[in-house]
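Chemist: Per the working numbering, the sequence shown runs over residues 1 to 310.
These are calculated hints, taken from the structure and not from any lab test. Small disclaimer: the values here were computed from a predicted structure and weren't measured. Heads up, none of these hints are tricks.
Using C-beta positions, here's what the derived DEER-type ranges look like:
#, residue 1, residue 2, range
1, E249, W100, 33 to 43 Å
2, D120, R162, 22 to 32 Å
3, G96, A9, 40 to 50 Å
4, P297, P163, 20 to 30 Å
5, E231, R19, 41 to 51 Å
6, P297, W100, 42 to 52 Å
7, L187, E125, 33 to 43 Å
8, P297, H255, 17 to 27 Å
9, A9, D172, 31 to 41 Å
10, P49, L105, 31 to 41 Å
Glycine included, C-beta positions come from ideal geometry on N, C-alpha and C.
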Amino acid sequence: MREAVAGAAPRKPFQDPYRETDTAVGRYTYVTADGQEARVYYETAGTGPIPLLLQATAGADGRQYRHLLADPRMQERFTMYAYDLPYHGKSLPPVGARWWEEAYLPTRETLIGWAVAIADTLGLENPFFMGCSVGGQLALDLAAEHGDRFGAFISLNGWYDRPPLPEGFSNDMFRTPAVPDSYAPALNLGATSPLAPEANAHEAYWIYRSAFPGIYAGDNDYFAHYHDLGENGHKIDAHAKPVYVVTGEYDAAAHDEVHGAPAVETNIPGARFVNVPGLGHFAPCDDPVGFNDAIVPILDEVIAKAGGSK
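Take these sequences, add in the hints, and give me the full structure.
Modeler: Put into structure tokens, the structure is as follows:
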């Protein structure tokens with residue numbers, strides 16, 4: 001539809017510059033949060049002095065960060081951990097959960113609890129937390145509720161409060177069997193950057209097509225309805241711990257001055273908003289070279305503010 005209205009944008013060529021340093025190692029660990037235990041999968045790469053936790057978008061998993069894990073610049077600066085939340089990717093539902101009988105309905109507290117528990121289980125000291133979309137919302141809520149547990153918070157395409165939605169919108173449309181499982185992945189393919197290499201954009205689509213039905217809907221409930229810094233943003237001390245909101249030019253969060261990423265900088269003293277030309281909603285996955293080239297200097301700025309060393 002976008003191409004029909006505006007014409008086809010000249011996409012970037014596909015590049016694969018990280019093959020020689022694509023050395024991520026996958027592991028499992030058992031994590032307990034809110035009385036539930038889950039077998040959690042994560043991939044780790046890098047030998048840098050700063051631990052960095054990476055949270056994917058709604059319904060997706062750590063595969064979205066495979067290019068970041070393989071970037072030698074990131075490997076020098078960080079020891080990275082791209083985890084799959086319970087119910088996502090290679091992480092199973094929590095032990096004892098009757099997931100075949102009940103909908104996946106995480107609350108803000110549920111997602112916060114898993115993120116903190118994963119950091120605790122891995123024994124990470126003062127880790128940076130970076131997440132995209134739902135992960136971006138989570139980064140900001142962690143800054144509000146657990147500012148002392150993490151060293152810095154980087155929200156990719158996060159919002160200040162609830163994104164404006166069409167009248168009558170409900171995530172239940174992504175739960176009903178009347179709507180094909182391919183619908184949400186197709187919508188998300190449309191949220192990739194029009195400049196992204198076509199193969200990378202479709203990699204984002206592939207990841208969404210492989211998710212269990214209803215998981216995207218549950219995460220998206222949090223993204224659309226339960227995140228609101230108008231309620232807890234006053235708890236954020238962005239002078240004590242860096243808080244960055246980084247958006248892509250083609251993401252709606254970049255352009256909403258009232259509800260979107262600019263409002264985080266406006267309403268949270270010390271928070272910083274950065275808009276990156278050419279990137280979209282799934283930048284770590286759909287334009288990894290463009291994203292990595294943009295995020296490394298931003299993270300260097302975060303490191304300097306946090307008092308760390310590269």
